[in-house]
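Asks: In case you want the letters, here they are:
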Amino acid sequence: MIPSSFTYQKVKSVEEAIAALKDSDSKILAGGHSLIPTMKLRLNSPSKLIDIGGISTLKGIKESGNEIVIGAATTHAEISSSKVIQSKLNLFAQTASAIGDIQVRNRGTIGGSLAHADPAADWPAAVLAADATIAVQGSKGSRKIKASEFFQGLFTTALQEGEVITAVHVPILSGKSVYMKFPQPASRYAIVGCAVVKHADGKISIAFTGVSSNAFRDGAAEKAISGKKIDAGSAEAASKVAAEGVHIMSDHYASEKYRKHLAKVYLKRALLAVA
Amino acid sequence: MTATKYIGKSIKRVEDKRFITGKANYTDDIVLPGMTYGAFVRSPYANAKVKKVDISKAKAMPGVVAIYTGADVAAVNGVPCGWQVNFKNGATMKEPKHPLLVADRTRHVGDPVAFVIAESRAEAKDAVEAVAVDYEKLSCVTDPAEAVKPGAPLVHDDVPNNICFDWELGNPKSEVDAAMSKASHITTLEFTNQRLVPNAMEPRSYIGSYDPINDKYTLYTSTQNPHLIRLLMCAFVLGLPEHKVRVVGPDVGGGFGSKIYHYTEEALVTWCSNKIGRPIKWTAERTESFLLDAHGRDHRTKAEMGFDKDGKIVALRVKTHANLGAYLSTFASCVPTYLHGTLLQGLYTTPKINVDVTGVFTHTNAVDAYRGAGRPEATYILERLLDLGALEMGKDPAELRQLNFIPPFDGVKQPGYQTQVALQYDSGNYEGVLKKGLEAFNYKDFRKRQKEAAKSGKILGVGISTYIEACGIAPSAVVGSLGARAGLYEVGQVRVQPTGKVSVYTGSHSHGQGHETTFSQLVADRLGIAMEDVEIIHGDSESVAFGMGTYGSRSLAVGGSAIVKSIDKIIEKGKKIAAHKLEASADDIDFADGRFTIKGTSKSLGFGDIALTAYVPHVYPKDLEPGLDFSSFYDPANFTYPFGCHIAEVEIDKETGKVTLTRFVAVDDVGTVINPMIVEGQIHGGVAQGVGQALFEGTIYDDEGNLTNPSFMDYCMPRADDLPMFETGSQVTPCPHNPIGAKGAGEAGCIGSTPAVVNAVIDALWSAGKKVKDIHMPLTPERVWSALQ
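Residue numbers (the numbering used here), protein chains in the order written: chain A, 48 to 322; chain B, 5 to 793.
There could be a bad hint or two in this list.
[To be verified] When the alpha-carbon atoms are kept at most 25 Å apart in a straight line, the in silico PhoX-like pairs for lysine-lysine are as follows: (1) B/662 - A/287; (2) A/304 - B/774; (3) A/304 - B/459; (4) B/186 - A/287; (5) B/316 - A/304; (6) A/287 - B/462; (7) A/135 - A/287.
[Stated by the list, open to error] Across the chosen pairs, the derived CB separations fall in these ranges: (8) B/23 - A/280: 56 to 62 Å; (9) A/199 - B/37: 54 to 60 Å; (10) B/658 - A/222: 27 to 33 Å; (11) A/113 - B/23: 51 to 57 Å; (12) A/202 - B/23: 28 to 34 Å; (13) B/723 - A/55: 32 to 38 Å; (14) A/190 - B/66: 55 to 61 Å.
Hints in this document: simulated from the structure, not taken from any laboratory. C-beta: ideal position from N, C-alpha, C; glycine also.
With the rest of the complex left out, here is chain A (with noise of 0.2 Å):
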């Protein structure tokens, strides 16, 4: 498990970070959690690592009017344990404190799990749900992506070359909501993550990861179940037009007959849980 060589270059702002990135093949290094184990089976072998974990502006949690605002090195054990997390923005609690392990969480980033755009990871589903933007910087400035806009397609995100995330912002939910998932055993990513947002004016956001090659608001399902009454038939009823017409994953644990099945459980169950 021994990387190819590479130059490490520890930054102290989001400025020199974008700088060293115009060196070509090189990578932003957050938390490290996804780019180090590709880089010790030589999967990936960037020239360069840029380590953003000294920039004190990209930690942190903080309250701003309407929103919660995440810096992008804010590990997931940070936001798992924060009170304004808890109580404003407890989705995200619940969501930190699902992924991995404890190592895992106490070094993983949310910045760096968002760029990364594992198509199971815990957080698109989260950020989907909850109607985040996604703050990024490049050379040319700064601009906000909806995390609707933000995830394209397999490990693959509207981040342009040179951009680097910086803060997630996100609405304080006052209503239920839910992140649940079904790992899988060994990695324990998620087959099936489903999040669940209810907002107080009886709508419901519904987002999907591990289901398709990208996480996704499933339109149809929160169409079905937006304002009415949520019980063990209008759950029922939601739950049978989900994840309908979207490509769905295959693998060892799950075929794609299962996993389809599996986001149908999920979505009536945390439905259940909001209601």
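Chain A is fixed; fit chain B onto it per the hints.
Replies: Chain B alone, transformed into the frame defined by chain A:
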């Protein structure tokens, strides 16, 4: 009588101080002056011609010291197989050469094509990528049942139909067929006992070192048996004189069988160290551990059990294709034969048994002994057939076992039990462990609970497994007659120092078992001294006279017995010295609680006095040698036969198929116990591994012969939160033929648990109206969900 201060006590493990504080000394921790590092170019193809190996670019890379290819070692022997199994017609099994590096043909993914030695591990790895190998990929076969079919790709061109051997044991097939034809019910199972990766926490690691001044080699190796490695490497592979080779097995982080075998890498680092004149370290990467540590199990089996109208077993017929991999590992041939077929009597009085095994080469990694080694395969067959038979016949599985049990016998007043499959059980009380297990589980209430749970939509199931195994491996003459190419005795030396402190040199090798504690307890009690005054030394061929190592749950039963033999000699000599000093006859001296006493008097001398006298022999018997130091070889009279009863309860999530193991009761009879905590720990670890096979683990080879789940992200190991708190109980039926009474506890948990869990899932499915006979292990949620549809 010697008071037992230590035996039977749960004393904390003395070795844990260094393990817990990170101060253990594993092979990879050792750094020798001038040491180099090795890395392998390994075949990405399961079956390919090697047309050209171009090392020119790699050789010029920074830090590269040397590169060896198959052509360089063509004249060196391959690694041998330690057990000869014959075809039914008497012909010797096929033993193709297993070369240190392949020259012309790769036979499994990972087969080594070149060995790169460099100044650092990173430089070696970089140079590996620069070696250009021209392969011609050929078609391959990974399934043993497919590999024997006409036209299947051949692993070795000179082994027709990939058959290494065909073999049978037990009653003639015609007799078994006749008995089977009279059965009123036959339960049939066709299943795969899947392939498992042992996954020791410490990867294999070797350092070869050559000293040209003294013409002497040292091999540091992460092994379960350093002396056996020295013997095999010197005598069969490299042709080196044994007195010029030292093999050291320092602290070893787990083996589960996978570190018994003599691997090609061990011989290669030793051979290369002479060529380059510098030490070479090679440590497996985790991917290499997954791909290349000898795997376990991998049987395709059809088994039939015939019952009479009352449920008495009348016959058992088993046909197995055992996957051996591409080459024969050290004990690959005996695992599916003499460690599997011989256990098919189980705990039952089955009068007719025939087992037929075909050992098959495939384009996969070698398969050899893995915790339990053959006995889990046999137990799985019997215990699955019994529970399934009970379901099919509408009988209670506990009562069905009770009806078929061999009655209790102690092996002293009652003789041992002669099986239909070559073994004689030493002592047993099988109904005893079943009764204890059922009581601990509260079995009589289970069906009621199962029905209640069903009302609230829950699916519960119970599974029983009553197992027996043969361990304390092994009587040399017996195994020799069955094909073993080594003796399986053990050596124990007890050296009493002049001050009465004791150094014990054992050929057993601890890689997690806690020998330093258990053996110290044994020695301290027998000599009536403090445990702190005993030191256990193992693992170095230069300090320990000889040894056969640790596997087959043999350390206490065989290694401990060798130590006891030496202790007996110490006491006998001590009596002579005491008698002389006390002016009495040796026959009149008693030894107890660390004192030599003239019978019926208060005249006595302490153990320390006698030790000092032995080394300062001023007042000393004229015809007696000074010193107090004895070494003994102990060759057991028979195997030992632990047994037990495991009961599992599961709950199935009917929407997802996920199985939750909610309870696990294990009542094991492993004979006399020295340290109950260590035995319980062994049972816990074994049960966890057995549950791992039932619910989580298993290799997945694709059609190209690639292992597609070679990482902990893909291959699921059982974890603490997958398991309930185990409920353990015990019974003690001493082994009648060794001086300790111990039978062995290392593998029991792994042997008994797997079928209990699978039986519980099948029982649950039947209770839900799904009468399935088998689900392919591991019982993943999707497989169970599919069975429920």
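Asks: State for each hint whether it applies.
Replies: Status of the hints after comparison with the structure:
1. B/662 - A/287: Roughly 21 Å between the alpha carbons, so the hint for residue 662 of chain B and residue 287 of chain A holds.
2. A/304 - B/774: Holds. Residue 304 of chain A to residue 774 of chain B sits at ~20 Å (cutoff 25 Å).
3. A/304 - B/459: Measuring from Cα to Cα gives roughly 28 Å; hence the hint is violated.
4. B/186 - A/287: Violated: residue 186 of chain B and residue 287 of chain A sit about 53 Å apart, past 25 Å.
5. B/316 - A/304: Violated - the C-alpha atoms of residue 304 of chain A and residue 316 of chain B are around 44 Å apart, more than 25 Å.
6. A/287 - B/462: Satisfied, since the Cα-Cα distance of roughly 23 Å is no more than 25 Å.
7. A/135 - A/287: Roughly 31 Å separates the two Cα atoms, so the pair is violated.
8. B/23 - A/280: 56 to 62 Å: holds (57 Å)
9. A/199 - B/37: 54 to 60 Å: holds (55 Å)
10. B/658 - A/222: 27 to 33 Å: holds (30 Å)
11. A/113 - B/23: 51 to 57 Å: holds (54 Å)
12. A/202 - B/23: 28 to 34 Å: The hinted range 28 to 34 Å is violated for residue 202 of chain A and residue 23 of chain B, with Cβ atoms some 40 Å apart.
13. B/723 - A/55: 32 to 38 Å: holds (33 Å)
14. A/190 - B/66: 55 to 61 Å: Once the Cβ atoms are compared, 44 Å apart, the range 55 to 61 Å for residue 66 of chain B and residue 190 of chain A is violated.
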